[in-house]
Amino acid sequence: MKITRRHLLLLLPAAAVAWKYVEAGTPEAAPNYKLTDHWWGMLIDIPKCIGCGSCVRACSEENGVPDGYFRTWIERYHVADWKIERPDVESPDGGKQGFPPGEIGDGKNFFVPKLCNHCADSPCTQVCPVGATFVTPDGVVLVDKEYCLGCRYCVQACPYGCRFIHPKTNTAEKCTLCYHRITKGLTTACCEVCPTGARQLADLKNPKDPIHEFLRSHTVQVLKPHMATGAKVFYNGMDGSVR
Amino acid sequence: MFKDIEHLVRLAIVMALAILLFIILRAVAVPKSFGQYGHYRGAAITEIASRPVALAGRQVCEGCHTDVAAQKKLGSHVVLSCEACHGAQAKHADDPANVTPPKLDTAVVCARCHEANSAKPKAFPQVVTADHSGGIVCDTCHQPHKPNIENTPAESAQTNTSKKKEAKP
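Going down the list, the sequences are from chains A and B. Just remember that this note's numbering sits 66 ahead of the position in the first sequence, which is counted from 1. Just remember that this note's numbering sits 33 ahead of the position in the second sequence, which is counted from 1.
Hints were generated in silico from the structure; no laboratory data involved. This structure is a prediction, so every number in the text was calculated from the model and none was measured. A virtual CB, placed ideally from N, CA and C, is assigned to each residue, including glycine. Among the hints, a few may not be true.
Derived EDC-like pairs (lysine to aspartate or glutamate); straight-line CA-CA distance at most 20 Å [said to hold, decoys possible]:
(1) Lys-250/A / Glu-183/B
(2) Lys-211/A / Glu-80/B
(3) Lys-68/A / Asp-37/B
(4) Lys-250/A / Asp-127/B
(5) Lys-114/A / Glu-141/A
(6) Lys-155/B / Asp-172/A
(7) Lys-250/A / Glu-80/B
(8) Lys-155/B / Glu-169/A
(9) Lys-136/B / Asp-100/B
(10) Lys-124/B / Glu-127/A
(11) Lys-114/A / Glu-156/A
(12) Lys-100/A / Glu-80/B
(13) Lys-155/B / Asp-305/A
(14) Lys-155/B / Glu-141/A
(15) Lys-162/A / Asp-138/B
(16) Lys-162/A / Glu-141/A
(17) Lys-65/B / Asp-159/A
Now the stretches of chain A that chain B is said to cover, found in silico as 3 or more residues with beta-carbon under 8 Å [said to hold, decoys possible]:
(18) 198-207
(19) 245-256
(20) 260-269
Input sequences plus hints: build the corresponding full structure.
So this is what it looks like as structure tokens:
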């Protein structure tokens with residue numbers, strides 16, 4: 067048969083479809099842990115947080131976070147009387163060694179632990195030009211170090227400031243929700259060490275997880291809900307001044 | 034039909050070769066697991082999941098240190114995970130003989146949680162260490178695994194807040 071231009075053009079899409087099947091391969095069998103059985107998030111109970119910095123230290127140790135960078139950090143808010151739109155926020159060394167003691171003026175003071183919100187519709191993964199960051203089928207936003215170019219698009223896209231470029235590898239870094247722990251049945255490093263239970267790992271697909279009852283019966287917020295990122299870090303008792 | 038059909042045939046061959054080259058290059062360059070779950074390398078998930086842990090976890094600690102676990106049950110520090118104070122100890126758990134955790138300085142460790150700070154929840158026990166102990170390290174009176182002191186002299190049981198209230202006329 068002679069291949070004419072018409073024939074070739076007809077063949078191309080068919081070949082493309084066929085190739086899709088060739089490259090897909092067979093999915094890897096994951097022992098004991100099924101990606102589709104989980105949907106991870108976290109609960110943060112602000113009235114319980116004492117700002118001790120245990121979570122920040124544990125996170126650094128667990129994940130080898132370089133000094134001066136943070137996958138999780140604690141902010142201390144000071145809201146003077148009526149200035150809800152202008153809170154004073156500080157986070158000395160990410161709250162790693164706690165906070166300077168003493169009284170802070172009038173108004174209210176409280177701690178807010180922050181970390182990646184593991185958004186279901188994450189802005190950071192949408193801007194990655196090479197598919198180096200992604201939401202896993204169990205709802206965790208991860209970075210593939212082998213693929214990351216270090217272009218910093220994702221760092222700018224994250225509305226929560228949860229990403230940074232690792233100074234040594236020059237690739238994007240972020241909270242993995244201790245993916246290497248939670249897939250082994252452990253809790254995250256920060257939840258493991260939290261002395262007051264202000265942080266709790268939550269599996270939203272597990273009907274027995276206490277998160278469901280908690281969400282039903284408490285006034286719970288996510289950060290920047292107007293951005294519709296599908297954030298899965300839920301804050302209990304969060305003041306309106308928190309950004 | 035066309036005049037000089039061989040031109041088109043030649044062009045078609047060149048195009049076919051280019052497409053073949055593209056297909057081969059793509060097969061070499063794109064990892065097998067790319068597209069397994071979405072527009073990313075599926076194997077990255079397993080790679081990240083297979084990293085070793087640094088914090089052993091409370092169950093592992095209490096598996097050996099049963100005495101401490103029993104002692105903790107008697108006091109309010111029962112809720113604490115061991116590694117909250119002692120730091121990541123998975124290496125110690127793997128090789129207890131050769132890797133020993135350092136002794137902690139209670140003046141630093143206790144203060145992280147219990148130093149008074151107006152941003153801390155009011156119900157949480159806090160002291161101004163300078164007023165509370167006058168520089169004496171915490172474990173002189175308190176056993177960190179069971180910090181509650183029974184039958185204490187009234188003075189040392191006073192917290193900063195209770196002192197303040199009394200000071201006011």
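Status of the hints after comparison with the structure:
{"no.": "1", "hint": "Lys-250/A / Glu-183/B", "verdict": "41 Å, violated"}
{"no.": "2", "hint": "Lys-211/A / Glu-80/B", "verdict": "10 Å, holds"}
{"no.": "3", "hint": "Lys-68/A / Asp-37/B", "verdict": "15 Å, holds"}
{"no.": "4", "hint": "Lys-250/A / Asp-127/B", "verdict": "17 Å, holds"}
{"no.": "5", "hint": "Lys-114/A / Glu-141/A", "verdict": "14 Å, holds"}
{"no.": "6", "hint": "Lys-155/B / Asp-172/A", "verdict": "15 Å, holds"}
{"no.": "7", "hint": "Lys-250/A / Glu-80/B", "verdict": "13 Å, holds"}
{"no.": "8", "hint": "Lys-155/B / Glu-169/A", "verdict": "12 Å, holds"}
{"no.": "9", "hint": "Lys-136/B / Asp-100/B", "verdict": "18 Å, holds"}
{"no.": "10", "hint": "Lys-124/B / Glu-127/A", "verdict": "12 Å, holds"}
{"no.": "11", "hint": "Lys-114/A / Glu-156/A", "verdict": "19 Å, holds"}
{"no.": "12", "hint": "Lys-100/A / Glu-80/B", "verdict": "15 Å, holds"}
{"no.": "13", "hint": "Lys-155/B / Asp-305/A", "verdict": "16 Å, holds"}
{"no.": "14", "hint": "Lys-155/B / Glu-141/A", "verdict": "18 Å, holds"}
{"no.": "15", "hint": "Lys-162/A / Asp-138/B", "verdict": "17 Å, holds"}
{"no.": "16", "hint": "Lys-162/A / Glu-141/A", "verdict": "11 Å, holds"}
{"no.": "17", "hint": "Lys-65/B / Asp-159/A", "verdict": "42 Å, violated"}
{"no.": "18", "hint": "198-207", "verdict": "holds (count 6)"}
{"no.": "19", "hint": "245-256", "verdict": "holds (count 8)"}
{"no.": "20", "hint": "260-269", "verdict": "holds (count 4)"}
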